[in-house]
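Protein chains: 2
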Amino acid sequence: MVKYPQGVSPFVNQADEKNWSQMQQPAKHRHRRGVDFSDRGMTLEQQLNESNKYYLAKGLAVVHKKPTPVQIVKVDYPKRSRAVIREAYFRQASTTDYNGVYRGYYLDFEAKETRNKSCFPLKNFHPHQISHLQACLEQDGICFTVLKFVTLERYFIVPASIVIAAWKNPDHSSISLEEIISSSIELQCGYRPPLPYLDAVDRLIEGRK
Amino acid sequence: MVKYPQGVSPFVNQADEKNWSQMQQPAKHRHRRGVDFSDRGMTLEQQLNESNKYYLAKGLAVVHKKPTPVQIVKVDYPKRSRAVIREAYFRQASTTDYNGVYRGYYLDFEAKETRNKSCFPLKNFHPHQISHLQACLEQDGICFTVLKFVTLERYFIVPASIVIAAWKNPDHSSISLEEIISSSIELQCGYRPPLPYLDAVDRLIEGRK
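Respectively, the protein sequence lines represent chains P and D. Note that the first sequence covers residues 1 to 209 in our numbering. Note that the second sequence covers residues 210 to 418 in our numbering.
Treat the hints as calculated values from the structure; they're not laboratory data. Heads up, the beta-carbon is just placed ideally off N, CA and C, and yes, glycines get one too.
Computed far set for chain D versus chain P, every beta-carbon distance over 12 Å:
(1) MET251
(2) LYS288
(3) ARG289
(4) THR323
(5) ARG324
(6) TRP376
(7) LYS377
(8) SER392
(9) ASP411
Here are the simulated EDC-like cross-link-like pairs (lysine to aspartate or glutamate), alpha carbons at most 20 Å apart as the crow flies:
(10) D:LYS288 <-> P:GLU87
(11) P:LYS117 <-> P:GLU186
(12) P:LYS74 <-> D:ASP285
Let the hints inform the model, and build the full structure from the sequences given.
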């Protein structure tokens with residue numbers, strides 16, 4: 001039997017994910033004086049995790065972030081204590097970060113942030129993410145990217161088809177903000193949920209009919 | 210940028226999962242003389258992973274096993290080398306092991322093995338797996354358990370509703386083989402895919418209409 005850290009509920013795992021992703025990222029300005037910021041200093045991942053928690057609690061959707069894939073090499077099993085992983089390596093995920101179910105529909109999406117103000121560079125995508133989105137689209141999944149222009153504080157639900165088409169165009173190394181505005185659904189930050197992306201998903205589903 | 214082990218394709222990660230799950234499990238008889246065994250010594254997880262690879266390659270479904278959730282505490286970043294996780298702990302997953310999309314349907318399932326010959330003990334389920342299956346059912350997902358009676362070499366697709374009902378019945382500590390036979394779909398092992406579970410999923414979808 002695998003033992004878990006004492007005093008830590010194994011079910012509240014998103015907090016750990018959050019702390020870990022903050023450790024990995026370079027320090028950012030988290031408080032800016034005189035600026036009205038509606039995202040309240042949360043990273044996109046935190047906003048999505050909070051939104052997913054809200055949607056789950058309200059019975060509206062079941063969407064989870066997948067755990068970071070890790071290749072485990074060495075584990076210690078100390079007596080009277082929980083197993084400790086002593087050597088492991090990060091692996092590249094073979095899928096996108098988020099998936100789940102909403103009103104019978106399969107949702108699959110990736111979350112991306114850019115500090116660029118005029119376009120979204122396509123180098124932010126790995127080839128396997130594109131092929132995964134393509135494969136899910138072929139199975140009639142609802143697939144998209146949640147894109148955050150950090151500096152502009154603007155959020156978009158970009159349909160996967162737009163990203164895949166741009167990715168396949170050898171002349172494209174990015175998607176311009178204008179293209180995104182015309183092909184995507186802009187999200188307004190909220191309080192509960194912080195990022196009400198299901199409203200945009202409803203429109204994607206409507207558009208497909 | 211996260212570096213990956215040299216010479217290891219980051220996209221072929223199921224092999225690693227397999228090796229790891231073998232390390233974790235007690236040694237088993239993997240070759241039995243004079244016994245006709247159609248599962249060719251694979252664990253249920255291996256059979257499912259191989260089946261999912263086959264379904265993905267054929268464009269039939271996109272189903273992946275989720276990575277083992279790990280709480281990372283300490284990471285070394287050696288110069289000129291990839292990051293090494295030096296302290297981490299296993300966490301309990303908040304969902305089931307497998308999910309994905311098939312013909313527009315959301316699939317969600319758990320894989321369970323038992324060496325019991327007459328029933329499936331319900332203690333094999335964690336409470337959070339039951340509540341996750343329940344939440345996914347409420348969103349019209351196709352939810353089930355792939356159950357392997359290891360000694361009998363029999364495989365069943367048990368609808369999640371059956372497991373949830375038995376779990377909620379205080380008089381039930383297990384589901385008998387007879388109940389499983391009458392309420393589930395038995396699978397025959399194959400070669401490609403090793404476990405053709407989509408055939409049973411088709412019947413679950415038909416039964417829902």
